[in-house]
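Participant: Here is how the chains run, residue by residue.
2 protein chains.
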Amino acid sequence: MELPKVLLGAAAMSLAAAAGGELFERRKQPAVLGELAAGIVLGNLALFGVSGLDWLKSNEGLHLLAEVGVILLLFEVGLESRIDQLLAVGWSAALVAHIGVLIPFGLGWAVSAAFLPSAAWYTHMFVGATLTATSVGITARVIKDLGRMEAPESRIILGAAVVDDVLGLIILAVAAGMTQSAAKGGGASMDWTLVGGIVAKAAAFLVGAIVLGRLIHVNALRLAESFHSRGVTLVLALSFCFALSALAGMMGLAPIVGAFAAGLVLEDDDYAVFERRGFAPVHDMVRPIAAVLVPLFFVMMGLRADLRSFASWNVIGLALAVTVAAVAGKQACALGVLDKGVSRLTVGIGMIPRGEVGLIFAGMGASLTVAGQPVFDGAVMSAMIVMVLLTTLVTPPLLLWAFRRG
Amino acid sequence: MELPKVLLGAAAMSLAAAAGGELFERRKQPAVLGELAAGIVLGNLALFGVSGLDWLKSNEGLHLLAEVGVILLLFEVGLESRIDQLLAVGWSAALVAHIGVLIPFGLGWAVSAAFLPSAAWYTHMFVGATLTATSVGITARVIKDLGRMEAPESRIILGAAVVDDVLGLIILAVAAGMTQSAAKGGGASMDWTLVGGIVAKAAAFLVGAIVLGRLIHVNALRLAESFHSRGVTLVLALSFCFALSALAGMMGLAPIVGAFAAGLVLEDDDYAVFERRGFAPVHDMVRPIAAVLVPLFFVMMGLRADLRSFASWNVIGLALAVTVAAVAGKQACALGVLDKGVSRLTVGIGMIPRGEVGLIFAGMGASLTVAGQPVFDGAVMSAMIVMVLLTTLVTPPLLLWAFRRG
Numbered sequence: 055m056e057l058p059k060v061l062l063g064a065a066a067m068s069l070a071a072a073a074g075g076e077l078f079e080r081r082k083q084p085a086v087l088g089e090l091a092a093g094i095v096l097g098n099l100a101l102f103g104v105s106g107l108d109w110l111k112s113n114e115g116l117h118l119l120a121e122v123g124v125i126l127l128l129f130e131v132g133l134e135s136r137i138d139q140l141l142a143v144g145w146s147a148a149l150v151a152h153i154g155v156l157i158p159f160g161l162g163w164a165v166s167a168a169f170l171p172s173a174a175w176y177t178h179m180f181v182g183a184t185l186t187a188t189s190v191g192i193t194a195r196v197i198k199d200l201g202r203m204e205a206p207e208s209r210i211i212l213g214a215a216v217v218d219d220v221l222g223l224i225i226l227a228v229a230a231g232m233t234q235s236a237a238k239g240g241g242a243s244m245d246w247t248l249v250g251g252i253v254a255k256a257a258a259f260l261v262g263a264i265v266l267g268r269l270i271h272v273n274a275l276r277l278a279e280s281f282h283s284r285g286v287t288l289v290l291a292l293s294f295c296f297a298l299s300a301l302a303g304m305m306g307l308a309p310i311v312g313a314f315a316a317g318l319v320l321e322d323d324d325y326a327v328f329e330r331r332g333f334a335p336v337h338d339m340v341r342p343i344a345a346v347l348v349p350l351f352f353v354m355m356g357l358r359a360d361l362r363s364f365a366s367w368n369v370i371g372l373a374l375a376v377t378v379a380a381v382a383g384k385q386a387c388a389l390g391v392l393d394k395g396v397s398r399l400t401v402g403i404g405m406i407p408r409g410e411v412g413l414i415f416a417g418m419g420a421s422l423t424v425a426g427q428p429v430f431d432g433a434v435m436s437a438m439i440v441m442v443l444l445t446t447l448v449t450p451p452l453l454l455w456a457f458r459r460g
Numbered sequence: 055m056e057l058p059k060v061l062l063g064a065a066a067m068s069l070a071a072a073a074g075g076e077l078f079e080r081r082k083q084p085a086v087l088g089e090l091a092a093g094i095v096l097g098n099l100a101l102f103g104v105s106g107l108d109w110l111k112s113n114e115g116l117h118l119l120a121e122v123g124v125i126l127l128l129f130e131v132g133l134e135s136r137i138d139q140l141l142a143v144g145w146s147a148a149l150v151a152h153i154g155v156l157i158p159f160g161l162g163w164a165v166s167a168a169f170l171p172s173a174a175w176y177t178h179m180f181v182g183a184t185l186t187a188t189s190v191g192i193t194a195r196v197i198k199d200l201g202r203m204e205a206p207e208s209r210i211i212l213g214a215a216v217v218d219d220v221l222g223l224i225i226l227a228v229a230a231g232m233t234q235s236a237a238k239g240g241g242a243s244m245d246w247t248l249v250g251g252i253v254a255k256a257a258a259f260l261v262g263a264i265v266l267g268r269l270i271h272v273n274a275l276r277l278a279e280s281f282h283s284r285g286v287t288l289v290l291a292l293s294f295c296f297a298l299s300a301l302a303g304m305m306g307l308a309p310i311v312g313a314f315a316a317g318l319v320l321e322d323d324d325y326a327v328f329e330r331r332g333f334a335p336v337h338d339m340v341r342p343i344a345a346v347l348v349p350l351f352f353v354m355m356g357l358r359a360d361l362r363s364f365a366s367w368n369v370i371g372l373a374l375a376v377t378v379a380a381v382a383g384k385q386a387c388a389l390g391v392l393d394k395g396v397s398r399l400t401v402g403i404g405m406i407p408r409g410e411v412g413l414i415f416a417g418m419g420a421s422l423t424v425a426g427q428p429v430f431d432g433a434v435m436s437a438m439i440v441m442v443l444l445t446t447l448v449t450p451p452l453l454l455w456a457f458r459r460g
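Chains A and B are the protein sequences, given in the same order.
To convert, take the position in the first sequence, counting from 1, and add 54; that gives this note's numbering.
To convert, take the position in the second sequence, counting from 1, and add 54; that gives this note's numbering.
Identical copies carry no separate label here, and so any pair may be met within one copy or between two of them.
No more than 27 Å apart at the CA atoms, straight line, and that leaves these computed lysine-lysine pairs for DSSO-like:
| hint | residue 1 | residue 2 |
| --- | --- | --- |
| 1 | K59 | K238 |
| 2 | K255 | K59 |
| 3 | K238 | K255 |
| 4 | K111 | K59 |
Just so you know, these hints were derived from the structure itself, not from any lab.
Just so it is clear, the structure is predicted and the values come from calculations on it, not from any experiment.
Given only the sequences and the hints, what does the whole structure look like? Please build it.
Facilitator: The structure is reproduced here in structure tokens:
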């Protein structure tokens with residue numbers, strides 16, 4: 055982890071991400087896919103005779119920066135959600151979110167079990183978990199571009215996405231917890247009391263972070279009210295985010311669960327006292343840090359895609375089947391729409407993209423190991439990346455068609 | 055380097071730095087000393103029966119974040135200096151800078167050799183190198199508060215400081231290069247051809263970075279002119295900084311030499327095209343990242359101060375002698391003032407503070423090893439920290455007195 059290598063790798067990955075993101079944005083595609091594509095290209099240059107970049111994949115310093123990046127991303131997602139919003143999403147959105155998590159989870163598990171008969175149950179579980187996430191950012195962007203933010207379909211999709219984030223993180227906590235237990239030799243099959251324990255722990259963490267965390271955070275802010283340093287609000291907010299992420303990690307949950315909770319707890323209004331004194335808003339200060347670190351995460355995910363694995367029909371089959379399961383699973387969730395006169399098809403399509411959240415889940419699968427073997431090997435990881443790419447690419451045109459049709 | 059530990063450590067160190075910085079600022083002292091003091095407290099809690107924080111000192115992830123912090127700091131210093139300023143400082147400032155680097159270097163070497171007869175020559179050399187740096191930020195702040203920015207003394211001090219930065223970095227390059235050569239078994243004494251080679255390499259690097267680097271940077275900016283992403287300017291600037299830092303490191307120079315050169319090459323005007331399109335200025339985007347990472351570096355330096363080492367009279371003697379050498383050495387540089395009617399005493403006092411730059415040099419001394427032994431052990435590092443604290447603390451009142459007297 056020598057410093058010059060980390061710096062050189064970070065520079066190369068940042069530049070590749072910027073170029074990839076720009077290329078995709080110009081084609082009206084989300085920048086995150088361009089960053090992922092940049093990583094796939096960098097990671098597979100060996101196929102074109104250019105080798106010598108493999109150290110990027112295994113450099114611990116670059117992994118650390120990418121992991122801090124994904125923590126900042128979830129913190130930002132949390133900052134954009136508010137607890138009161140979460141509690142006021144309405145029955146349709148809540149039902150859409152729950153069905154949209156459970157059905158893809160089951161379908162993903164089944165597809166994985168069918169295509170990878172020799173893989174362990176926790177690999178199937180992680181495939182299912184990866185299918186649960188919705189990256190609503192892409193949908194929100196299309197809806198905004200169409201000027202349809204106020205349509206009932208849009209409100210249900212965006213409400214469901216907030217609930218979805220919380221449910222997805224609980225599923226991730228369970229999947230990671232079960233895998234860690236398996237890694238410790240905790241049994242070859244599902245243990246339902248363990249599942250119950252992890253769900254209870256995750257729920258307790260979220261509630262505790264929201265209630266106790268809010269108390270601590272508000273009091274820390276009051277203590278710092280008279281501070282002169284312009285960086286104090288940023289330091290408080292990030293320390294809170296890092297501390298909750300660390301706590302989640304130490305409790306055996308994913309650190310990003312803590313980062314999301316920290317973002318959920320923080321409200322822009324909390325910093326009003328500072329902003330009246332001319333301090334920059336916290337979110338504005340987090341943004342440049344995230345702008346540097348988050349793309350490193352997506353490039354790192356792309357580096358893990360091994361194009362050679364597509365020489366196998368089984369991997370191609372898995373990628374396509376998982377994509378179909380991902381799309382079909384989210385169509386099922388449209389059944390949760392209770393309101394009349396709302397297009398279920400539009401809601402179902404809006405929930406399709408897996409984008410960044412799917413990649414985060416897949417990345418966890420690739421980094422967890424049981425008995426020295428990663429839960430997702432190169433082939434499964436590559437199939438998951440194809441699924442993320444396809445679900446995210448098809449959504450904008452489909453959504454456009456659905457809204458125009460309605 | 056597990057992620058939760060890195061996050062928890064970063065949160066604890068950030069909060070301690072914010073509290074320490076604020077306490078010092080309220081006493082009209084520079085925040086950097088408060089951050090250093092926070093590190094000293096955290097690192098010596100074991101003296102008060104609180105143990106269990108020693109992992110902070112050896113955590114690789116935290117070291118990486120702190121090292122990126124110091125790179126950003128030098129990048130910012132470089133951003134604030136301009137090449138044309140550097141070439142137009144005038145003879146007095148240039149002479150003051152040169153004398154102010156050479157005399158403290160020699161005095162530091164002599165004091166170290168006297169107090170540490172059993173230490174190796176490269177330890178003496180690093181003590182000398184640590185004494186060369188001027189942290190003019192503290193002086194600039196005092197001058198600004200007094201409204202004396204336009205005084206001839208102020209112009210000489212600030213001009214000398216820019217030259218001083220470059221000379222100090224060359225000295226650091228030589229010290230680090232000689233030590234690495236000693237670590238490889240390259241002889242037990244000074245090798246003057248090696249010194250010449252390193253000086254030539256450092257000078258070539260600086261000139262090359264400025265000429266070639268500027269060409270590459272300006273063309274990269276032109277290529278990115280039509281990019282949509284608001285982060286592209288930040289990514290380009292930081293990638294340039296990281297790439298030059300990595301290059302410096304691979305050439306056997308200190309990475310911060312590259313970071314400073316990158317900052318020197320970048321001019322705010324280069325980004326005017328982007329700012330007209332509503333992009334935030336690069337420096338404004340670098341600032342929050344630096345605000346988070348730079349304090350980690352100073353806390354890390356404080357962690358390395360071992361208060362127990364002051365139980366030895368020899369260490370106390372070294373600390374005081376080195377402080378006297380640091381002050382006296384910069385008084386000698388006032389002899390370089392050629393202009394008439396300028397207070398030499400004021401110029402000499404203005405050059406005293408070692409502040410952050412001194413700490414960076416001392417930190418290099420603590421992290422380089424020869425035959426498994428660090429160049430600066432805990433005792434020498436503690437003495438250097440005392441020197442930095444004292445020289446920085448005495449400057450504001452002395453400077454106030456000197457200006458009022460004039």
